[in-house]
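4 protein chains.
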Amino acid sequence: MNSTNKLKIFNDPIYGFISIPNSLVFDLIQHPYFQRLRRISQMGLSYLVYPGAHHTRFHHALGCMHIMQKAVETLKYKGVEISDEEETALYIAILLHDIGHGPFSHAMEHSIVEDIHHEEISLRFMDALNLQFEGKLSLAIQIFKGEYHRKFMLQLISSQLDMDRMDYLKRDSFYSGVAEGNINSDRLIQMMNVADDNLVIEDKAIYSVEKFLMARRLMYWQAYLHKTSVVAELILTKILKRAKELTQKGVVLPCSEPLQFFLQHKIAQESFDAATLEKFALLDDYDVMGAIKSWQFAEDFVLSSLCKMIINRDLLKIEMTEGKPQSEQLQQLKAQLLQKYPITDKEADYFVFKGKLKNIAYSKESVPIRILKKDRTVEVLEETSEQSQVKAMSKAVTKYFLCYPKVLLG
Amino acid sequence: MNSTNKLKIFNDPIYGFISIPNSLVFDLIQHPYFQRLRRISQMGLSYLVYPGAHHTRFHHALGCMHIMQKAVETLKYKGVEISDEEETALYIAILLHDIGHGPFSHAMEHSIVEDIHHEEISLRFMDALNLQFEGKLSLAIQIFKGEYHRKFMLQLISSQLDMDRMDYLKRDSFYSGVAEGNINSDRLIQMMNVADDNLVIEDKAIYSVEKFLMARRLMYWQAYLHKTSVVAELILTKILKRAKELTQKGVVLPCSEPLQFFLQHKIAQESFDAATLEKFALLDDYDVMGAIKSWQFAEDFVLSSLCKMIINRDLLKIEMTEGKPQSEQLQQLKAQLLQKYPITDKEADYFVFKGKLKNIAYSKESVPIRILKKDRTVEVLEETSEQSQVKAMSKAVTKYFLCYPKVLLG
Amino acid sequence: MNSTNKLKIFNDPIYGFISIPNSLVFDLIQHPYFQRLRRISQMGLSYLVYPGAHHTRFHHALGCMHIMQKAVETLKYKGVEISDEEETALYIAILLHDIGHGPFSHAMEHSIVEDIHHEEISLRFMDALNLQFEGKLSLAIQIFKGEYHRKFMLQLISSQLDMDRMDYLKRDSFYSGVAEGNINSDRLIQMMNVADDNLVIEDKAIYSVEKFLMARRLMYWQAYLHKTSVVAELILTKILKRAKELTQKGVVLPCSEPLQFFLQHKIAQESFDAATLEKFALLDDYDVMGAIKSWQFAEDFVLSSLCKMIINRDLLKIEMTEGKPQSEQLQQLKAQLLQKYPITDKEADYFVFKGKLKNIAYSKESVPIRILKKDRTVEVLEETSEQSQVKAMSKAVTKYFLCYPKVLLG
Amino acid sequence: MNSTNKLKIFNDPIYGFISIPNSLVFDLIQHPYFQRLRRISQMGLSYLVYPGAHHTRFHHALGCMHIMQKAVETLKYKGVEISDEEETALYIAILLHDIGHGPFSHAMEHSIVEDIHHEEISLRFMDALNLQFEGKLSLAIQIFKGEYHRKFMLQLISSQLDMDRMDYLKRDSFYSGVAEGNINSDRLIQMMNVADDNLVIEDKAIYSVEKFLMARRLMYWQAYLHKTSVVAELILTKILKRAKELTQKGVVLPCSEPLQFFLQHKIAQESFDAATLEKFALLDDYDVMGAIKSWQFAEDFVLSSLCKMIINRDLLKIEMTEGKPQSEQLQQLKAQLLQKYPITDKEADYFVFKGKLKNIAYSKESVPIRILKKDRTVEVLEETSEQSQVKAMSKAVTKYFLCYPKVLLG
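Chains as they are written, first to last, in UniProt numbering: chain A, 1 to 410; chain B, 1 to 410; chain C, 1 to 410; chain D, 1 to 410.
Honestly, the hints are just simulated from the structure, not real lab data.
Owing to the predicted nature of the structure, the values given are computational and were not obtained by experimental measurement.
Beta carbons are placed, not taken as given, at the ideal position from N, Cα and C, and that holds for glycine.
It cannot be assumed that every hint is accurate.
To be verified - Cβ-to-Cβ under 8 Å is the rule here; a few derived chain C residues that face chain D:
1. Arg38
2. Tyr47
3. Tyr50
4. Tyr175
5. Ser256
6. Tyr286
7. Gly290
8. Ser294
All chains, full assembly: derive it from the sequences and hints.
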């Protein structure tokens with residue numbers, strides 16, 4: 001087909017060019033399910049902190065596929081046998097691994113699609129596509145579900161050092177300008193190998209692995225868990241909760257038809273059927289932000305106030321606290337609020353609340369990062385000579401915060 | 001104020017950090033009129049070609065202000081006197097120079113806000129802000145309108161080598177990954193000076209100036225006038241035209257209230273009053289794309305077909321032609337189309353049409369780029385020793401194209 | 001072999017990693033003839049203008065080989081058949097194409113090895129290596145000499161858009177910090193193809209080709225022909241001439257034994273035998289700069305003065321003139337000099353002299369750059385639609401200058 | 001002066017442009033003492049591992065001065081008072097802080113200038129320059145010696161987060177291509193302040209500080225202490241030792257006059273007089289490498305063998321060992337060597353030896369890095385919330401190795 005031939009290459013400021021390996025992958029990229037990812041921001045509302053962070057899940061998925069191509073090339077060069085069918089399956093699996101994300105996924109999962117996780121929805125999409133593409137995605141799905149016998153393949157897609165993490169760290173760092181999050185994916189991939197069917201990294205790259213973990217840790221605290229991003233996302237969660245609450249009380253809020261559907265129905269894993277999937281496939285950032293834009297003029301004080309905060313970037317105050325915030329402090333803030341605003345005690349929870357942030361740079365509970373030593377033996381990262389550094393990164397760090405309207409600042 | 005202090009710096013992957021010079025500028029950035037630019041993409045639909053091109057007019061405006069700071073610093077270092085008041089005015093003028101852009105500006109200006117240009121709307125916004133800020137924008141407005149006596153100041157904001165062009169070339173190149181569009185703004189600014197009240201560039205930067213013009217030329221042909229961007233924008237224009245046509249016939253199309261307003265009313269320069277400005281200030285990409293998402297399910301065949309093209313990135317075929325496309329060719333294509341689709345002859349114009357693209361890298365009609373020679377005399381660029389190159393770039397290049405549905409491809 | 005395994009990858013700040021394709025190439029890189037290139041600066045004395053420009057011919061040769069690997073990969077992907085033997089020959093030919101360069105090659109070729117050009121010496125080295133490697137370089141030599149029937153292979157090594165130019169522009173730009181010289185080699189290579197046995201570029205990369213030519217033109221005027229680099233090189237040339245003159249008069253100047261050899265003998269193409277090659281293979285920047293360091297304390301006033309200029313970066317004044325400098329002006333400057341310095345009229349020519357610089361960005365006399373159009377026909381660059389730009393770049397530009405001691409500045 | 005005006009700006013691929021703040025600094029840069037740094041490589045023989053690592057101490061010193069300008073700008077912006085005189089003194093002190101380095105400093109300090117450290121020699125140079133510049137360097141010298149009352153000024157020049165470390169990490173990473181060593185100096189400087197006369201970093205940059213420490217740690221193990229760099233440097237040390245040994249026995253080795261001087265004399269701190277300084281000021285990489293090139297043809301087997309290793313990059317084998325290498329192993333290797341080579345038992349130590357490498361990323365013994373908290377109190381880095389990570393980095397890591405000729409490899 002003529003038009004097919006023309007778009008075999010994507011420009012990418014990070015890798016230069018991303019080329020599409022074959023026509024099946026091309027057709028998947030062209031599919032409306034996948035094109036929808038062009039309209040879903042990778043970093044949600046983080047652009048309120050980092051104005052460049054408007055890149056999409058579409059671009060990230062392509063980036064993952066690109067570095068998967070590099071990884072496959074490296075592994076084959078080192079003698080790991082990967083058949084053409086497996087190769088294509090790896091590209092498909094990584095390309096579609098995040099296709100189940102909705103708009104502002106984290107906020108949605110805590111408000112209107114509470115009972116089903118995005119990985120599960122990704123799988124639903126893959127199954128639907130597999131039907132349409134006559135079974136050509138079966139191996140990819142098998143790998144994705146962890147049911148394929150060659151387990152390093154899953155590790156390439158989902159582990160503590162997978163293509164997903166590499167691309168998102170690199171990409172989020174690039175677009176946001178948080179330079180410290182950049183990682184040397186070239187070197188990490190160059191140093192990959194397979195031993196005993198596990199993905200391993202040659203030991204001369206051990207400092208690059210450490211640096212990768214540090215970069216991830218830094219991106220968490222400086223970007224993903226940046227307090228302004230966090231409060232923006234929490235406000236968004238509360239907006240969606242409030243809208244659902246009002247809708248279910250019978251209030252009609254202007255919004256797109258697919259969003260209306262999710263406000264009206266309670267979707268759980270069992271009830272997420274083919275029709276739901278079709279609705280879900282129509283949802284993207286435009287539905288959510290479009291609604292919020294309308295709702296800033298809603299009659300409901302809670303809803304309109306919260307929406308204006310997002311639109312005008314005039315957020316709640318978020319304050320990091322030494323330990324868990326005290327209940328008395330919350331009560332006091334709420335009391336003040338009730339004097340200022342015409343709201344009920346329960347509604348005050350939309351404006352005054354506490355929470356915590358938690359991150360582990362390297363988890364000893366998950367599949368470990370494995371290091372291939374010069375004598376060809378394998379050690380898990382936390383047992384290598386650099387263990388003290390890794391040990392320090394294996395501790396969960398928890399931080400507490402308190403949110404309240406700026407009018408209460410005194 | 002506490003919260004003010006905190007956001008004095010923006011991360012920018014291009015310049016590292018952008019700092020806000022003073023609290024007036026800070027307050028302007030915080031204003032909803034300006035925050036709206038966060039929701040307007042700088043490159044419109046170009047992301048359909050370059051998936052990274054999702055940066056916004058907000059970010060571009062900040063970037064312009066940043067390099068204006070560098071330019072002011074350089075000029076002062078070289079002894080050009082610039083008062084504090086003038087300095088602030090320059091920052092405000094460049095910050096707000098594009099505030100009058102609507103979503104997908106080019107398409108809108110050819111469909112629903114036909115009789116008023118974005119510069120004029122920028123001025124309306126500035127006037128409105130000047131009222132709110134008690135006259136503090138007066139000098140900025142004077143400079144912007146070309147009414148201030150020191151004309152180099154306008155040239156910094158709007159000329160063939162201004163801060164606007166420098167930032168957008170650098171930024172569009174960065175985010176899209178079209179590496180050749182990158183320019184050395186550092187060097188260009190470093191080499192600026194003022195002579196006889198004109199902005200001039202020292203002659204040792206003459207090759208950088210040429211390279212700047214080449215980069216601009218390349219960005220036009222490779223990005224702004226990329227045939228896929230062009231056809232996408234034309235489809236968008238036709239969508240908005242069709243929607244207005246239908247609305248005015250009484251059809252009710254679901255869309256946001258501000259967009260509804262512009263579909264219903266014919267806005268000309270005279271009728272663009274304060275109320276219109278308030279509506280306009282609510283419009284952004286979410287209104288337009290949100291509408292297009294809904295309209296893909298509209299009853300009208302023309303409207304829904306065009307909308308689906310954008311949403312699924314399944315555009316009309318665009319074919320560059322040697323000379324102007326022949327009328328017969330168009331007629332023939334239309335005839336074929338009428339056989340396939342249930343549309344009228346007039347409606348066929350929505351799907352089959354021709355057009356042309358035109359660009360001049362350097363215009364001899366506009367204010368020239370002036371070169372400061374070692375003997376302190378000034379020459380216009382086209383008269384320097386490099387004139388043959390510049391002459392070649394001063395010729396307008398015109399290219400012709402033809403658009404039609406892919407189903408007609410044979 | 002153990003040691004072979006270890007160094008299969010070079011770090012390169014430009015391309016990330018450079019990998020060595022096979023053990024023959026590895027052994028060539030390890031050879032003392034090639035290791036010598038580690039001690040020969042790519043940009044000669046340009047570091048006196050651009051302090052970062054200390055990269056070597058060794059690094060450039062590796063870089064060329066790397067992009068040759070990319071080009072071969074692209075061409076094979078597009079269906080151009082290239083056998084394993086041809087592939088290796090291409091790598092060897094590009095790796096060794098500059099091996100005949102001496103230290104500060106240009107200055108040497110105008111002083112002490114006047115009658116033989118570096119390409120000829122490269123060939124001598126290749127022949128010598130071919131003997132040592134039992135004929136394994138024969139095909140590479142055939143290609144290099146233009147005697148192989150597939151002419152696009154020579155064009156990859158030596159033409160107006162070859163791997164050599166791409167790497168040196170990119171590398172010289174990178175290390176010197178002349179950002180405008182950077183080119184998009186990724187894109188240019190991605191767009192290469194072969195048609196009628198000629199190397200061609202797809203027409204959608206035509207602006208990248210233009211930009212490449214512009215970058216080269218800019219690098220000439222801003223770096224290679226920068227007036228300070230030029231005067232430094234001319235002083236170096238005169239130092240070596242003077243040293244040869246004195247040596248042949250019987251003066252013994254302290255210097256390394258290989259340099260001594262070239263000062264004592266007049267080497268022409270015929271007399272450049274195997275023994276001469278061995279001496280030449282010992283020469284590098286250390287011999288020349290080491291000698292200049294000693295000679296700043298030489299008795300001869302001319303020699304010591306010129307050497308001090310280089311060592312302390314206190315060069316002759318170089319003045320660009322409108323047309324050719326007038327003889328009277330030179331005579332006058334010389335007359336002044338003779339009053340100040342204890343030198344003869346003839347020796348004054350070492351300090352006061354004129355010259356010219358010449359550059360053509362794109363030569364119509366050489367093998368043209370060929371453009372592959374969408375209809376699969378081929379056009380030479382100067383006949384494409386962008387011809388006015390290319391025409392402007394095809395004109396030779398000549399600039400004149402005059403050099404004299406700063407003490408004469410008045 | 002005319003020529004002075006012209007070179008007020010240096011191109012730098014890292015920072016864009018480096019400008020010279022005033023004419024005193026300009027004159028210092030022009031001084032032969034400082035120009036000599038153009039001929040001293042920053043990373044010694046590391047180019048044998050990283051072919052791009054040919055940047056010089058000259059460039060590094062300029063880079064340090066550049067970021068010192070940024071730091072001063074930031075601190076003044078935050079209200080720290082710094083007088084013009086202090087500002088200039090800071091630029092001079094950082095510019096000259098490394099002027100006492102000889103060629104391949106580390107190797108020299110372990111062979112021919114054993115009893116005086118490079119900081120001491122820097123001071124000698126500064127004192128000599130202060131004489132020539134009529135006392136204008138007095139304040140800079142005071143700061144450099146730690147005798148000025150404002151101690152944060154010394155911390156900017158020499159501490160665990162000074163301009164020196166920032167520039168060398170950035171520069172060494174850039175030129176070598178070890179991407180992981182890059183640090184965000186912009187952000188670190190942006191976050192600097194002064195509290196209680198100590199240099200402090202605002203706590204929101206704590207992850208950048210950590211990342212800086214990690215980058216430094218990585219650069220040590222991956223570049224400065226890379227085993228190939230280490231063995232090359234040890235061979236160089238042994239070459240110089242052997243040459244001194246032979247010279248003092250009366251053997252005449254061809255080399256430059258200044259190097260001859262240091263081979264003949266034993267220089268200690270007391271005997272390092274003005275005449276010695278003048279000799280030292282003539283020494284650079286060209287003397288050392290020039291000598292090694294000659295000495296590869298020396299009669300002495302030990303000397304010529306070691307020299308050939310460097311010239312042809314055919315080094316001793318270096319093997320990292322689990323613990324300290326056993327004496328028996330060394331004895332055995334020596335015994336084998338004595339059978340192959342015509343050398344004495346003592347001479348065998350030149351070829352077979354052991355050693356260790358040691359590094360601490362962050363030393364608790366030195367002046368700590370201080371963190372400024374939001375409540376304006378100051379904490380030392382190791383006591384902040386991120387302490388576990390820092391603690392891990394405060395442990396000294398020691399690695400052991402063994403070197404021997406490859407012919408013994410079996």
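- Under the criterion of a CB-CB separation shorter than 8 Å, is Arg38 of chain C in contact with chain D as hinted? Holds - the Cβ of Arg38 of chain C comes within 8 Å of chain D, reaching about 7 Å at its closest.
- Message: Please check whether Tyr47 of chain C passes as an interface residue: C-beta within 8 Å of a C-beta belonging to chain D.
- Response: holds (7 Å)
- Hey, does the Ser256 of chain C contact hint survive, CB to chain D under 8 Å? Since the shortest Cβ distance to chain D is 6 Å, the answer is holds.
- Message: Less than 8 Å between beta-carbons is the criterion; does Ser294 of chain C satisfy it with respect to chain D?
- Response: holds (6 Å)
- For the hint on Tyr175 of chain C, just tell me whether its beta-carbon gets within less than 8 Å of chain D. holds (7 Å)
- chain D contact restraint for Tyr50 of chain C - C-beta distance below 8 Å: The hint holds - Tyr50 of chain C has a Cβ within 8 Å of chain D, the shortest such distance being about 5 Å.
- Task: Go through the hint on Gly290 of chain C and say holds or violated, using the shortest Cβ distance to chain D against 8 Å.
- Result: holds (4 Å)
- Item | Closest C-beta approach of Tyr286 of chain C to chain D relative to 8 Å, hint status | Holds, because the Cβ-Cβ distance from Tyr286 of chain C to chain D comes to roughly 5 Å (cut-off 8 Å).
Checked against the numbered hints given earlier, the structure satisfies every one of them.
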